[in-house]
Amino acid sequence: MLEINDLHAGIGDREILRGITLNVNAGEVHAVMGPNGSGKSTLAQVLAGNPSYEVTRGTVHYNGQDLLEQAPEVRAQNGIFLAFQYPVEIPGVSNAYFLRSAYNEIRKAKGQEEVDPLEFLDLVEEKLKLVDMSEAMLSRSVNQGFSGGEKKRNEIFQMAVLSPRLAILDETDSGLDIDALRIVAEGVNKLRSPENATIVVTHYQRLLNYIVPDFVHVLANGRIVKSGGKELALELEEKGYDWIPSFADAGTAGATA
Amino acid sequence: MSDIATEVATRDRSGVNDLSTRDAGKGTRKTTATRAPSSVAVYREDFSTQKSVPAWLNELRVKALDRFETLGFPTTKNEDWHFTSVAPIADRSFRLAVLDPESATAESSDRRGSSRRRSDALNALGVKADDVASFGFGQKDWHQLVFINGIFDGALSSNHALGGNVRIDSLARAIEDGAASVERHLGRIAAFDQHAFTALNTAFIADGAFIEIANDAVVDKPIHLVFISGGEGVSHPRNLIVAGRHSRATVVESYVSLRESTYFTNAVTEIAVGEGAHVDHYKLQRENDSAFHVGTTQARQARNGTFHSFSFAIGGALARTNIYTSLDGDAATCTLNGLYLTDGTQHIDNQTSIEHIAPNCPSHEIYKGVLDGRSHGVFNGKVYVHPEAQKTDGKQSNNNLLLSPQARIDTKPQLEIFADDVKCTHGATVGRLDEVAMFYLKSRGIGAETARMLLTYAFAADVLETIKLAPLKAELEKVVLARFADSAT
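So the protein lines, in turn, are chains A and B.
Going by my numbering, the letters in the first sequence line up with residues 1 to 257, in that order.
Going by my numbering, the letters in the second sequence line up with residues 1 to 489, in that order.
Derived by calculation from the structure, the hints in this document are not laboratory data.
Heads up, some of the hints might be wrong.
List time: in silico SDA-like cross-link candidates among lysine to any residue, alpha-carbon distance up to 20 Å [as the list claims (entries may be wrong)]: (1) 151/A - 362/B; (2) 473/B - 139/A; (3) 478/B - 97/A; (4) 478/B - 108/A; (5) 108/A - 473/B; (6) 110/A - 450/B; (7) 108/A - 462/B; (8) 478/B - 116/A; (9) 108/A - 450/B; (10) 478/B - 91/A.
Quick look at which bits of chain A chain B covers, simulated, 3 or more residues with Cβ under 8 Å [what the hints assert, rightly or not]: (11) 46-52; (12) 70-80.
Cβ atoms here follow ideal geometry from the backbone N, Cα and C, with glycine treated the same way.
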């Protein structure tokens, strides 16, 4: 589904990703772990097409197509979804209007008919339950005045409505208490299917207790320094990032770069 | 009466020399010195053709013309006009619209429309009831007064006011009737000693709306004043609203055109908000993009009086809207909100002034602007807190969104406080569309144009939320959405 090959990217002159190679197949859940500044979030943003980042080398193919050539909205229409680490507040645009616009644009791109507000309301009702959100949240401005937990649940709610093929969760666990974490994780798990894939970007292992990954990759200084199964996450939790042999070197390289 | 007219005409001629001397004396650029007298001379000439009026009003007119000649058109050296050059207005010789053959004959079924009698100007622009209805927010039961080039048109109006404690009428008729409060208030609220355009309007007081609400009376339906202009002339609509003690009314003023044409509207509205009275005032400036518009709304608020103003400006090549209020009585409240949308080469200027004279008065103000193309917007909001105005609670903000690199905004919130126990905040922002928000919308599949429109609309719609009159709010939301949909394609 997703083939990342020797991906280099950064902001301005600062290179953040220094050669990422990663394959994700349908049905798989991949966890990307690493400390702050290792490039995890940059990878998520680059895959979603954030124009602030410049790709300097390498390729990304999504279902055989050159992903880097596509505008962010086209990527979304083709089934990529990024759950933001810091969901954006949009005063004056209601959650319902925003999400229906998105839903309809994606349907239009697929050659399907648009849905009207009433049909849309029917459709989202069960998705609201999935993340324990009230219908009142629909009429509020997008993320405005939402608590940290509400914002993250709103991301998963959007994901549930838009039903992407490839979901990228960027630090969805940060700032969540254990109950909110469980709600968010259950939402994600219910959306897992053999056709879909998920990339979970996280600093901590605890989210992976709820969303069990098939593969774990450890990122340091813009490179994947170790890959393994779900047990790698536990080992990391126990021994810390310094336990990985190449980590200290990479960290030093980063400091001097 | 005819003697007075002659006398005025004589004085006027001598005024020409006075003015050119003054201009030369101040070392005004040569172009100014040569053009100003010519357009001023036209105003003077048309001044003398005006229908005779009662002596008190004639005196007021003469005084105002004199003041206008002394002040001359403001230059950008005048602090109140620093960012707005009125040369495009001053350089043109606008004839009084009712005398303008263009507007008097165009599409008129009455060929005697070229006559100087006001009554013949009624259908001068060929305005039909359907045209008027298109500006009516779909509301048939509102009181609606229609003015063609500033002159009341009874046939197009639908006044449901019942006699007794509410009078909704044309100012011309009220002057003719000798309505006591006209003489008492006219020219007393809108000061013209420092405002050239107000002086000019006062010199040409002839018609407009007169609204008088008796003590304790409530006008339950909104009053809509529709000013439809066309042709190549100038009109000086003058409105007077007198709200008695504990009375209540909603007044909407719409300035509109049916087609593209270069005319000049110079409007003044005076509002006396009585003790405990409540006036909601909406001004919609929707002139065509070639027109010129200068409009001043000036209110005085007695004790516990409430004045809510919303000013919407989208039209005109060069437009200036002044909303001024004076909180004269203890615990009077005002809200001045506004939205201006500019595009192309438009220049739209908004000036507000809130005078806190009495103590315990809250004043709230939010103005927002969206500027596109090579347009230029100006916001100047003054809040003066006089020494006696303790416990003033003033909040003012002006936020602007620039959609194009060539668009320009000059914003100048001004706060002057001479009392020591007050709570006042003010601020202005100028920004472009939030790139992070743009990316967020796109990452959900929303295309760039839709995303831009959605964010721009959201920025503007925020201040429309403060409009309490639902049909008007809905109409403005439609207008705003249409503007941004246009600019997105």
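List of violated hint numbers, smallest to largest
1, 4, 5, 7
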